[in-house]
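Residue numbers (my numbering), protein chains in the order written: chain G, 1 to 146; chain V, 1001 to 1283; chain S, 2001 to 2316; chain Y, 3001 to 3345.
These are computed hints drawn from the structure, not numbers from a lab.
Honestly, I wouldn't trust all of these hints.
Calculated pairs, DSS-like style, for lysine-lysine (alpha carbon to alpha carbon, straight line, at most 25 Å) [claimed, not checked]:
(1) S:Lys2286 - S:Lys2190
(2) Y:Lys3121 - S:Lys2205
(3) S:Lys2028 - G:Lys136
(4) V:Lys1038 - Y:Lys3031
(5) S:Lys2028 - Y:Lys3114
(6) S:Lys2229 - G:Lys47
One side of the interface only, derived from the structure: several residues of chain G facing chain S at Cβ under 8 Å [unchecked claim]:
(7) Lys44
(8) Val46
(9) Lys47
(10) Leu99
(11) Ser113
Bear in mind the structure is a predicted one, so any value in this text is a computation, not a measurement.
Note that the Cβ used here is the ideal one computed from N, Cα and C, for glycine as well.
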Amino acid sequence: MSDDKEKTKEEFEPKIIAFLCSWCSYAGADLAGVSRLQYSANIKIVKVPCSGRINPFYILKSLQQGADGVWVSGCHPGDCHYLTGNYFARRRFTILKRLLEYIGIEEGRVHFSWVSAGEGQKFAEVAREVAESIKKLGPAKRLVKK
Amino acid sequence: MKNPYLPMSVTISKINFENKAKDLKTFDFTFDNPDDAKDFQFICGQFAMISIDGIGEAPFGIASSPMEKKIIQFTIKRYPQGLLTTSLHNLSVGDKVGLRGPLGNGYPMKKIQGQNILIVGGGFALTTLRSVAQYVLHKDNRSNYGRLTMLAAAREPGEMLYRDDMTEFEKALNTEIIQTIDRPAEDWTHKVGFAAPVLKEVAPSPKDTYALICGPPIMIKTCTDVLLELDFDTDKILNSLEMKMACGIGKCGRCNVGNKYVCKDGPVFSYKELLELTKGCGL
Amino acid sequence: MSDIQQQIQEHAKKLLSDKTVDLFIGYKDINEPMLTEPAFIRDAKDADQLIWNPFCEHNLAKYLVGRNEKIAIVAKTNDVRSIVVLINEQQVIRENLTIIGVNCDDVIDRKKVEAEMDGKDITSAQIKDDKLIVKAEKISKTLKIKNYLHDSCLDNKRDMSEICDIIIGEKSSCKTEEDKYAKIRELEQKTPEERWEYFKKELSKCIRCYACRNACPLCYCKSCFVDQKFPNWVGQTTDLSDTMCFHIMRALHTAGRCVDCGACVRACPNGIDLRMLTGKIEKDVKELFGAEAGLNPETDNPMTSYKEDDPEDFIK
Amino acid sequence: MKKLKMINKKDITKLLDELAKNYRLLAPVEKDGIVNFTEVQNGQDITLDFYNSKEPLKKLFFPQSETLYCYSKEQGRTVPEEQDKRRKIVFGLRPCDAKAAVLLDNVFDGADFKDPYYLEKRENTIICSLACNEPQTSCFCTSLGLGPGDKDGSDIFIVDIGDKYLFEAVTQKGQKLLDEMTGTYEPEDKDIKKAQTLITESENKIKKQIETACLSEKLDELADSPIWDELAEKCIGCGICTYLCPTCHCFAIVDEASDCKGCRVRNWDSCMFGNFTLEASGHNPRPTGKERMRQRIMHKFNYFVKNFDANACVGCGRCFRNCPVHNDLIKVIEKINNAKSEPKK
């Protein structure tokens, strides 16, 4: 088995990329921080104008460059600042998630969520859940470019 | 066996802007390894592959004269689509880049000895031609060459390259420098007009004269026609071509004109050679 | 079969001589066993070069993009659906096009026939009504054509006559009964490790020649994401991760547009079954959004439209 | 120091097992109906009953993607070393691929610049090629000056004469390897004669021909002829013909970087691709399929002839056998030879 299997799971610090829509989820993250809610530090946030802006290539490129997990979060359907951004994104994510799992990427690698600006609490919970599921899966082996 | 793909390491010693639009910069490089500097013997008109590790590599004409031993100069234009040129323009003094060369055949300075020289440069293609002018006007070489006439054309005054060098060249004896821009602009004292008509006006006699032309394709075509009208010998009209290159040593098969490679057998071809090559429709 | 060829030649002569079209795209024989080539006929007297047999496998819709002359095109059902997608995406002007739909359009899969001849080089192949007589150096076999057709033909029995301007051959009544995504559903049941191993084995055969991309009528981008350096989406090396990303990204581009014509599978020199990848997306789009590509020029692409109640069970 | 040796067919597996012990043995292996040269540890799972491999031998000396050098902040630029330095044996290669390696030497072993990556692998490999007793219908090597029995480029030349193989050492390298082989015995005259007759029989089986006598001059005349539009019309511009061709050697150099370390990689490239000559300014001297098809044919049958006095083609037929639209090189050359060239304007 590869050397990091001997390294017990606790030491493994996953690298998680989070694409957050700047109007809702990024504000949610701010609120979580302001209200001192703890969530895993391995989540590296990338601010994007809208969840509709996220090209599936970003998610694939992150997995290829060695991210152990990707989390995409945007506004709830209906209150997108650009009205329909998250509706298009939703269809795109549906196809992308099923294709990635079909190819063989483990179930808990890629996460999607709707977190509005006022849901600091939900943001922290989802963040913990994402970090937990990715830590359980261990370092990413598939699709990573050696 | 020497690895032709491994670049030498050079450091940027000076950067200055060449035009108002600030998308043309001249970089001065010094060699990190002294015996690289010794081995790097080049002649005017040769080029080198400048590379940034992780970004890429591309060919650039050497703008400084071979007589200049301490530094080596390149003038590089930033292209919006150009990954490497944009990255180069983001570098600052002290950064290191890779350099491979000298490559290509360069201008036949030996063959030109004893002859007059007519230089016709358009826009930022003046780089290797300035190298020729500096080399010819250097005190050790001036006696080997006849009259030097240099026509530098540009779209507007802000785009005229090496203006301080040209004021320097004007002082030399038996030398005439003509600058021209496409359309009149205020406080512009030199000529106005496209390269070809101005060339017809100022061109020296074709006898014992080599014409070195480099610039955008349309300028090369019109100026060559003018020179042919003045019955310049097709063997004495020299063009420096530019094509996309990857290896720079005639292996990767992409920069050929006919059966000759611009990187290895060129970039300088006489008009006579080009007529022969493009009969085989090389481009 | 030859009366279909007869009709195609007559249509070509008529269309070309009275100038309704400038170019007639069909198929030409190249007297090689089981092979034909795309034909571009511009004047009427060459019309008799046009042929029709079960080896006319190429999807000619590939040649329509970027031409603004008046064109007539011989099209099988899947090709017609590709043309519909191109019309829908404004790559082809419907008025400039005369679609000649050929209905009995089953195409023989050369790889299946070659597998029967245990590697020997096929020297001749003749059609005798519904049988194919194939000769190799010391072997001769008679095969029932029905068992050697392309999967993409078997899986996509559809009647597209109302889209076509001219219809040749009787309407194909049979519709594909059994589930066309059987192989994909079977792969879905397996564990992620088995699926990863399957795609790793398949895609490590890829030599990045881009025949799948260049044969596909949907891939008409001026500058493909593979050629872009700024940003460099996917590496050019044959490293498994780069190849996988290329094929995943290309498959995502066909979401809601792929008509499953099989041109990519036929073009691949190493026989990679890319329909297992694009088929998965085609299945998901059909099951989740109830949309199928290339049936009606007016419906827009499911990926550029949405419904309020789209499925979102996986979104936290 | 016998040049000729015989070995029975049933002992060939044992011989290969021994060779695999102290050499890296590459032999034709069939996987899902496709035969390719792969590294094997023994002689069991190889097949010598095949026409030709799908991918050419060039992939061994000039791999599809090869790291020129790696760079990092600490070590600067380092050229990767091949770990397993043992010599390689390519067993069962076809004579056309062996000849293709000689043609590629003109490019990579040039008088001006030598390619260290190619040459290191080239010297470290012994080529044992196997004569073709059964050429394919798409083979046309006889019209390129070689044939099923051509020994050029091989170190050991093998002929299958029914139940035995005749080994012949062609070069010094081959002789050294032949002497190391065990289980071989002296051939009789009738074996040598039989090998000769088999080869001439095989040569007569090749029906396809191309006329290359004055092809280079003809191509010069046809520079601007409209024939190229017609020849390139059906081509879809993929890279199969150039990637599977044993003599195509064009490549691109690309940098792969992840944060502050990475490497410069050389990948195969194809003149049929759109961005082969696309410049940063957006100008492309070969914008459409017509110029690219012209460049491909010109490079192989005109420029290579002018530069190295040989056609860059070995008649293996891979280019049109694998082409999605079967762009038959035989017919292309025929059309070029028969085309009338209009007077220069």
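Here's how the hints hold up against the structure:
{"no.": "1", "hint": "S:Lys2286 - S:Lys2190", "result": "22 Å, holds"}
{"no.": "2", "hint": "Y:Lys3121 - S:Lys2205", "result": "23 Å, holds"}
{"no.": "3", "hint": "S:Lys2028 - G:Lys136", "result": "59 Å, violated"}
{"no.": "4", "hint": "V:Lys1038 - Y:Lys3031", "result": "55 Å, violated"}
{"no.": "5", "hint": "S:Lys2028 - Y:Lys3114", "result": "46 Å, violated"}
{"no.": "6", "hint": "S:Lys2229 - G:Lys47", "result": "23 Å, holds"}
{"no.": "7", "hint": "Lys44", "result": "18 Å, violated"}
{"no.": "8", "hint": "Val46", "result": "14 Å, violated"}
{"no.": "9", "hint": "Lys47", "result": "18 Å, violated"}
{"no.": "10", "hint": "Leu99", "result": "6 Å, holds"}
{"no.": "11", "hint": "Ser113", "result": "4 Å, holds"}
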